[in-house]
Structure formats: structure tokens, C-alpha cells
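Colleague: Turn these sequences into a full structure, and let the hints steer you where they fit.
Each protein sequence line maps, in turn, to chains A and B.
In terms of the working numbering, the numbers along the first sequence are unbroken and rise by one, the last being 242.
In terms of the working numbering, the numbers along the second sequence are unbroken and rise by one, the last being 269.
Everything labelled a hint here was simulated from the structure, so no lab data went into it.
All values derive from a computational prediction rather than experimental measurement.
Heads up, the beta-carbon is just placed ideally off N, CA and C, and yes, glycines get one too.
Accuracy of the hints is not assured; some may be wrong.
Claimed, not checked - Facing chain B, a subset of chain A residues (Cβ under 10 Å, in silico):
hint: 1; residue: Asn90
hint: 2; residue: Trp104
hint: 3; residue: Tyr194
hint: 4; residue: Thr206
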Amino acid sequence: MFGEPLAGKYLAWLFEGFGVTLALSALTCVVATALGFALCLGRIARPIWVAWPLRAWLSVFRNTPLLVQLFFWYFGATFFFPDALREWLNAPHAWRLGVFGIDWPPFEYVAGFVGLTLYTAAFVAEEFRAGVLAVPPGQTVTARALGMTRLQAWRHVLMPQAVRIALPPLLGQYMNAVKNSSMTMAIGLAELSYASRQVETETFKTFQAFGIATLLYVAVVVAIEFAGEWLRRRDARARGGR
Amino acid sequence: MKKTYLASLLILAVASGAAQADRLDDIKKAGVLRVAAFDSNPPFGFVDAKTKRIVGLDVDYAQELAKKLNVKLELVPTNPANRIPLLTANKVDVVLANFTITEERAKQVNFSIPYFASGQQFLAKKGTLSSPDQLGKLRIGVDKGTTNEIVLREKYPSATLVAYDDTPFAFTALRNGNVQAITQDGPKLVGLLANVPDKEKYEIPPFSISDDLIGAGIPKGEARLTAFVSETLVELEANGRAQQIYDAWFGPNSKTPLKRIFRIGDGKK
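Modeller: Right, here's the structure in full:
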């Protein structure tokens, strides 16, 4: 019913693409979380000259299609770069530090990572902010009344509650990051969707190529779901044990 | 008793005939011929700036087919990768989108006789590419889902390929320096270059790495429709219309002059 299986070479392409998808989404999630947290702090800061520009920034990144943003970083942004920088970005080079070395990735990877991370960070920032706002104001006030400094109240009272509230939607954003990474195929990044398209082109085994890609995406999303469930249980146990 | 038996046999035969629908009859009955064509690949199929309609060499052939069938023509814009899915999903009757005939594709769709031939060539910044030997060391932009991608990977496995959705995207990548060359069929590159504002910076090195025959794609097994398209193409060559169509897009007075070396019926198997 499903036709012949794919030849080994094509499976290898799919798994190579899957590796790129995993690496790209993992890196995106880590950096976007850090950046999103910083953006959230700025967004809820008192001075309006910090909060307002950030508000505009977040709204630009949240309210424009990711595909357009990726095209901007890949095709558009380089237009403003001086020729020398553009050549450097595109040229292969490597950093060496003893036995360790990092090869500069092709520009598709750089643009894809930047685009996906900035997009994801904007959503992460708003999830954090929603978490912070959801903690009743009385909590901070009480902590301060008990003699905690402002920082201590943040660190020990507000943040643990805010993160607990923000965690489920945050995991949703990580799942989105995995799925959104497929958009980078439009700028030539050879991730899973790109690989499945390529396999389809060469073998015409449409069902197998896209079917395997679908299963792999589902597997990652399910893994994130399980990780979230595990975190939630651990947290509940820790609180119950107190 | 015998009569009812015969009658039911007859009904069965008619019913099975209907189930084994013939696309050519369907088209005539519907009064519409659905043709997939490119919308951003001059001069084969592209949106005319003034009329906002899809025009081009492929579209002219589509119009001739519709004219001969005496039905309306409905154009469906496509990109290279969607050509086979459109046919297999029964969304169009014929694909006229610079569709290179290959054995692999022929397993999925029927092809008419070729109506055009072209070779796979390259477009690069002047002075970067002069012989095929250099290809293995370059980053080359290709269109997703085209034979160009497959041929290049097979012949020059050490080249780095970056696949884009469309030729204009690949060209922008070339312009930005993301890739050092892009590959496509020669006539398409000529057409692309004609519309580039800084065309003096680019060149199409005079070598090709393949010779491709372009045919009309038709759903698998539609023998009558395939025969109809092929016969029409032969007729168009005989009455001179094929030459007219060619001259309109590649003639000496066109934007993209290219000598006509292939005639319909050449290289028949």
C-alpha cells in the first residue's frame, strides 16, 4: 500500500536534514530563551524610553510572517552590508583553538538561525511577561514587607511563580520553533523539509519522503511534550515534599 | 431473459467505460482545458507587466491546444516542483512549463513529443566561470525539483548545491554572493538576464552540461490526450505556427535572441 521503501542514500539525506533541524531548533530555543528573557525585562521596565522601543520591536517581529523575515535576513539585509563584509559572510573559514575548531557555516545557516531566533525570542518574551503579570502583585509587596530587597523578592518570590506559569506556553513556543524551522527551506537551508522535497524530486516516492519527515517532526514535538510533563511532575513533587 | 442479460451487460460496459474516464472527452465536455504554466520564467511563462496575464512560449502552445479543441483555456500558475503533483492530483490536464522529458518522470506522467530543446547552462558574475572543470569547487544555486539539480549533483558531486524555490530567488542569491553561479536551461537564463538592470556584470559561459528535450506533461495513461497533443504539435510545425511562436519569443527582434536549432519532430524515437 505504501509502495517500496526508500533506498539507503535517500534515508541518509532525510536523517542528515533531521540533524540540521534538531541542531537549528535546539540552538534557536536556547538563544531565544535568553534573549526573550532579556527582552521581557526591558519590556516591563519602568522607563518608557526602554519599554516603548522594545514594545515596537516585539510587535514588528510577532506581527510579520516568519517567511518574510527569513527572506529579509537572507536576501534583503545583506544588500546594506559593505561588499567586504558580504564576501566574508559567504566565504568558508574556520576558527581554530587547539584541537577545537568551528567552521563558519554557509550563509543560509546564519540567516536562518538569526531569523528564527529573533522571531522565537519575541514570542518567548511575551510568554515570560504574561507569566510575570500573572503573579498577584500582593506576592511582591508581601515579600518586600517581610524585609526582602527588591532583587530578593524578584529572585525568590516572583520568578519561581512566573516561570511555573510561563512553562507550558513556553514549551509550546519551543514546539513552534521546531515546526517553524521548516520555513528555512525557502532560503536554501538543507533541513528536514528541504531534504524530503529533494528526496521526492529524485525518487517520486512522495508518500514515503513526506511521511518520514512528518513522523520525525511528530517525534520531536512529542519528546518536548514528555520533557514538559516530566518537569511539571518534578516540580509538583518538590513542592509537595516541602 | 436473454434480453435483460444483454441489457445489463450493456449497462455494465457503459458504466465501466465511464469509470475509465477519458480525459480528452472530459475536457470537451467541460469546455475548459486546464494547463499549468510558469508565472515567473520568461520567456516560457511569466506575468505580463501590462496585462497582468500569464504569457510566454508555453502559453502560446497552450492556446493553440485550446483553440484546436474549441474549448476555453484556464491557466494554472505553477513552480517547478509542483508540476507532477498537479498532474497526479488531477488539478490540471496538461503541464506546459518547460517540462524536461526524463525516464524517471515518464514513470509518473505521459509526455508528448518534444516541442523545444535546451541545454543546461550557467549564469555567473563575469570572470568567475569559464569551463565545466571549475564547477566542482563552486557553490551553485539551483531550482528545487528540477532536472538541473539532479544532473548537476550526478555529474559534479563535489559542487555545493543550494536549492531555491524559483529562478528569481536563485538569481538574488547570486547577486548577493551567496552562490557563485546559478544553473538553468540556457534559454531561461537568456530570458532572465534580459530583464536584469545590471546585466553587463553577468555572463552565460558558452558551455552546457546536458541536452534536454522539453515536452508537454499529461496525466499517466491518458493515451488519447497524449496523442492529441503530439499530433497538434506536429501540425503546428507543418503550418508554420511553431516557427511564429518561436520567433515571437526567441527571434532576432525579441528581447532574448537565440538561434532555433530544434524543430518539432526532430530526434523522434
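Colleague: Give a verdict on every hint.
Modeller: Okay, the hints, checked on the actual structure:
1. Asn90: OK, holds: A/Asn90 within 10 Å of chain B, min 5 Å.
2. Trp104: With a closest approach of 13 Å, the A/Trp104 hint is violated.
3. Tyr194: holds (7 Å)
4. Thr206: Check passed: Cβ of A/Thr206 comes within 7 Å of chain B, closer than 10 Å.
The earlier numbered hint that this structure contradicts is number 2, and it is the only one.
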